[in-house]
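K.L.:
Next come the chains, spelled out residue by residue.
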Amino acid sequence: MSYTDVFFILLLACLCLLCRCLRPWPAIREWTIVVFSLVIVASWGIFPLVLLLAVAAINFVAVGVALSVSPTRQRAILIAAIAFDIAALGFFKYAHFIAANLGIELGTNFGVAALGIPLAISFYTFHLISYLVDRMRRNTPPLGLRQYLFYLCFFPHLIAGPIVRTWQLPSQLGRVRRLRGDIVLGVHYFVVGFFLKTVVAGNLANAIDPFWTKDTGAALSAADHWVVAFLYYCQIYGDFAGYSLMALGMARLLGYRLPANFRAPMLASTMQEFWRRWHITLSRWLRDYLYIPLGGSRQGKSRAIANILVTMLLGGLWHGAAWTFVVWGAMHGIGLAAERILGLQRKFDRFWQRIPWWLCTQLWVTVAWVFFRSSDLSGALDFIRAMMRFDGWGAFAVHGRLILPLLIGAGAVLHHAAPIGLATVPRRYLGTCLGVATGVLLVLDLIVYAPNKVFIYFKF
Amino acid sequence: MDALKRGFWAALVLAAAVLLGPLVLWSKLTSADLPPKPAFPLPGQAFVAEYGGQAAYVAHLAYRWNLFGIGAGLRRADIILLGSSHTQFGLSARQMSADFSRAAGRPITVFNAGLGCDTPLSFDARLLDDRDIRDRDLVVDTFAYDFDPYTYACFSEFSEIADPVQGLFKALAVWSRFDWDWMLDGSVPRIDLAGRRPTVGRYLNQPATILDWNYGDVVSLFSPAGGEEFPSSGKGKGQDIANGPSPWRLASGTIPLPQRFEEIAGPRHNRPIFTLIPFVLSPGFNRDRYDNVVRLLAATSSRSRGRFVALPAEGLASFDGQHLTGAARAVATDRLAASLVASGFLSSILKQP
Numbered sequence: 000m001s002y003t004d005v006f007f008i009l010l011l012a013c014l015c016l017l018c019r020c021l022r023p024w025p026a027i028r029e030w031t032i033v034v035f036s037l038v039i040v041a042s043w044g045i046f047p048l049v050l051l052l053a054v055a056a057i058n059f060v061a062v063g064v065a066l067s068v069s070p071t072r073q074r075a076i077l078i079a080a081i082a083f084d085i086a087a088l089g090f091f092k093y094a095h096f097i098a099a100n101l102g103i104e105l106g107t108n109f110g111v112a113a114l115g116i117p118l119a120i121s122f123y124t125f126h127l128i129s130y131l132v133d134r135m136r137r138n139t140p141p142l143g144l145r146q147y148l149f150y151l152c153f154f155p156h157l158i159a160g161p162i163v164r165t166w167q168l169p170s171q172l173g174r175v176r177r178l179r180g181d182i183v184l185g186v187h188y189f190v191v192g193f194f195l196k197t198v199v200a201g202n203l204a205n206a207i208d209p210f211w212t213k214d215t216g217a218a219l220s221a222a223d224h225w226v227v228a229f230l231y232y233c234q235i236y237g238d239f240a241g242y243s244l245m246a247l248g249m250a251r252l253l254g255y256r257l258p259a260n261f262r263a264p265m266l267a268s269t270m271q272e273f274w275r276r277w278h279i280t281l282s283r284w285l286r287d288y289l290y291i292p293l294g295g296s297r298q299g300k301s302r303a304i305a306n307i308l309v310t311m312l313l314g315g316l317w318h319g320a321a322w323t324f325v326v327w328g329a330m331h332g333i334g335l336a337a338e339r340i341l342g343l344q345r346k347f348d349r350f351w352q353r354i355p356w357w358l359c360t361q362l363w364v365t366v367a368w369v370f371f372r373s374s375d376l377s378g379a380l381d382f383i384r385a386m387m388r389f390d391g392w393g394a395f396a397v398h399g400r401l402i403l404p405l406l407i408g409a410g411a412v413l414h415h416a417a418p419i420g421l422a423t424v425p426r427r428y429l430g431t432c433l434g435v436a437t438g439v440l441l442v443l444d445l446i447v448y449a450p451n452k453v454f455i456y457f458k459f
Numbered sequence: 000m001d002a003l004k005r006g007f008w009a010a011l012v013l014a015a016a017v018l019l020g021p022l023v024l025w026s027k028l029t030s031a032d033l034p035p036k037p038a039f040p041l042p043g044q045a046f047v048a049e050y051g052g053q054a055a056y057v058a059h060l061a062y063r064w065n066l067f068g069i070g071a072g073l074r075r076a077d078i079i080l081l082g083s084s085h086t087q088f089g090l091s092a093r094q095m096s097a098d099f100s101r102a103a104g105r106p107i108t109v110f111n112a113g114l115g116c117d118t119p120l121s122f123d124a125r126l127l128d129d130r131d132i133r134d135r136d137l138v139v140d141t142f143a144y145d146f147d148p149y150t151y152a153c154f155s156e157f158s159e160i161a162d163p164v165q166g167l168f169k170a171l172a173v174w175s176r177f178d179w180d181w182m183l184d185g186s187v188p189r190i191d192l193a194g195r196r197p198t199v200g201r202y203l204n205q206p207a208t209i210l211d212w213n214y215g216d217v218v219s220l221f222s223p224a225g226g227e228e229f230p231s232s233g234k235g236k237g238q239d240i241a242n243g244p245s246p247w248r249l250a251s252g253t254i255p256l257p258q259r260f261e262e263i264a265g266p267r268h269n270r271p272i273f274t275l276i277p278f279v280l281s282p283g284f285n286r287d288r289y290d291n292v293v294r295l296l297a298a299t300s301s302r303s304r305g306r307f308v309a310l311p312a313e314g315l316a317s318f319d320g321q322h323l324t325g326a327a328r329a330v331a332t333d334r335l336a337a338s339l340v341a342s343g344f345l346s347s348i349l350k351q352p
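Those sequence lines, one after another, are chains Z and D. So that you can map any letter, position 342 of the first sequence is 341 in numbering that gives the first Met the number 0, and since no number is skipped, the others follow by simple counting. So that you can map any letter, position 296 of the second sequence is 295 in numbering that gives the first Met the number 0, and since no number is skipped, the others follow by simple counting.
Keep in mind the hints are simulated off the structure, nothing from the lab. For every residue, glycine included, the Cβ atom is placed at its ideal position computed from N, Cα and C. It is possible that some hints are incorrect.
As the list claims (entries may be wrong) - Pairs of lysine to any residue residues, derived as SDA-like cross-links and limited to a Cα-Cα distance of at most 25 Å, are as follows: (1) D:LYS27 to D:GLY226; (2) D:LYS4 to Z:CYS20; (3) D:LYS4 to Z:ARG283; (4) Z:LYS300 to Z:ALA320; (5) D:LYS4 to Z:LYS300; (6) D:LYS4 to Z:CYS13.
Unchecked claim - Covered, in the sense of this in silico footprint (three residues per stretch, anywhere, with C-beta under 8 Å from a C-beta of chain Z), are these stretches of chain D: (7) 185–198; (8) 207–217.
Working from the sequences, and respecting the hints, build out all of it.
P.N.:
Next comes the structure, spelled out in structure tokens:
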């Protein structure tokens, strides 16, 4: 069941009302939300639910057992649990990819069928690892069953993030909270997120998907290819930032707060800044559980660069078992490494100093999206070749069919300006201003037809 | 937080009302020119089997897992009609039930299990197996399976739905989407951003197929622009099948069914009877070719211990080149029922007390 389905929205409204009635009894409310979350997983199939519960149970038992043994054995148990989680993820997500590539190298066929990625496995594996590592470092107390299941299965973040940490969500549990202010922001976030996902990303996907096929793409100019790549940037922003905002909104409507996942990534002037604005919770997770344990920047520049490359390669591979994702991760790693070599991490003193670096960063990110979107490497390389093909003035012509998608994509671009615009609004008019924006977008959500497209990150 | 709350709700309602008001007014003024929306499918009487091209498989879900008891009709039917959308649109199980009940002097139930969506034969086999359907008469339209498969990929989407819970939520999602759009149709317009420029149209903006809850017949085929296309049609009498202009695409060399179907019907002691519902595929119908195909089907059926009943094309019309019109469905159903009674193939069921 997609979060943009009418049926889901009806269920969500019922859940919000029920949770409001259950406000004085936080434990019952939290169990209700856990059950609702499990039903949402079941709506995508019984198997993903069984797998989630099995993996969750094994991890919960592992932490429980680790509590009652000596520190050395405790560490061994938690490391074994982490290895199990990675193995489960690897089995479902990468076994086919590894076997296929090894088979090509060795000239044999291992006969490993693609199992299909169980819903949300990439995200809940990260949640589990985060909990286990934090337990190992003694950064978090052991969670009770209710807290643990809530942390892991809370439906707004379960399927596609934001990736939450144990100090962020469980600390909000077991309390009677005031909801009134949360409802205002909850409605606002949900309506804006729904707009970005359905109106912007759904319609953009509908418009530009055909251009990614070889046959249709061949008829396009170089400028068209750039426009299509940029529109995909808008699409994936609308899709994922929209989903993340909906998640924040749903959580707020139920009285909980999730960390923000996006902060105007198209304004980033460096790759480092980009990752502080794009999928923020993933980049923080990779920093805390991969980059820093690898040594971070503590062991010299060359080691730091190697750590960045490894982190980003694995980050790319986390998105999907395909070479296109590896290249996408590598491109981001190279970008970050180049900045470190050039010493571009300092802040820019003046606005105009940012412009060339902003342009370079955004162009690099846009080209990297081509790999992310393409179904294979040769398709991506063909697309990039076509972007670079300048054969006379015709190369600058933009196809008429891309004009309307550009206007739709403007929705995603304008969303970047929203925080800047809101910062200029006097505080006493802030509510009115948000109310008008929410009202307008609510009507657009209602009247603009959105093709039924699954969230891109649901696949990961 | 207080600053946020201040004026938020009033501003939201006001902004939405200011924007929506003229749209509602415009919609009310223009909705009179639109063809009427279909009657609301009341649970227990009818259900939406398809709303929008991406969700054409609700009937598959319902029959496979007996969702809301929709598949129960299939389980208790004495005679089951199997095939593609040609069967779904081309025959009426409700009418046939009445015809056979009259002939037998006791209630005989027929269920129309025709399924579109490029459904392969293996799905019907699975359906019979899962629903434990045995010792029945199965009337099978031979067009269904291997003739000229068209590239409609919806079955592959359906086949990803692996269990009844997932199926239930999928069906509920399609139904709630239809119900929501049905409710707002005529009150609010819809802007479609597909194509080169935005278009404003009706809220119920996707084609919908509504089936009979108890018999599986098509109750209504709705298109946003044309209104109801089946069983009543705004396009007049439809295309005359028997006098179509040029050769039929159906090739005599691709008659696949009886032997394969025997494989699934035999083990459960079901008794298949084959037929061929006439249809037009561009560039049209050819009488000689049709007769030739019918002869071949009859011969193949008898060789594989199957039984074949021809369904003459005279007087039948199609509304879209593929499927019979509502009026033609009534004629084809009567014709087939009469042929089945006359052939004696149903004697075991018609004579039982």
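K.L.:
Failing hints, ascending?
P.N.:
Of the numbered hints, 3, 4, 5 and 8 do not hold.
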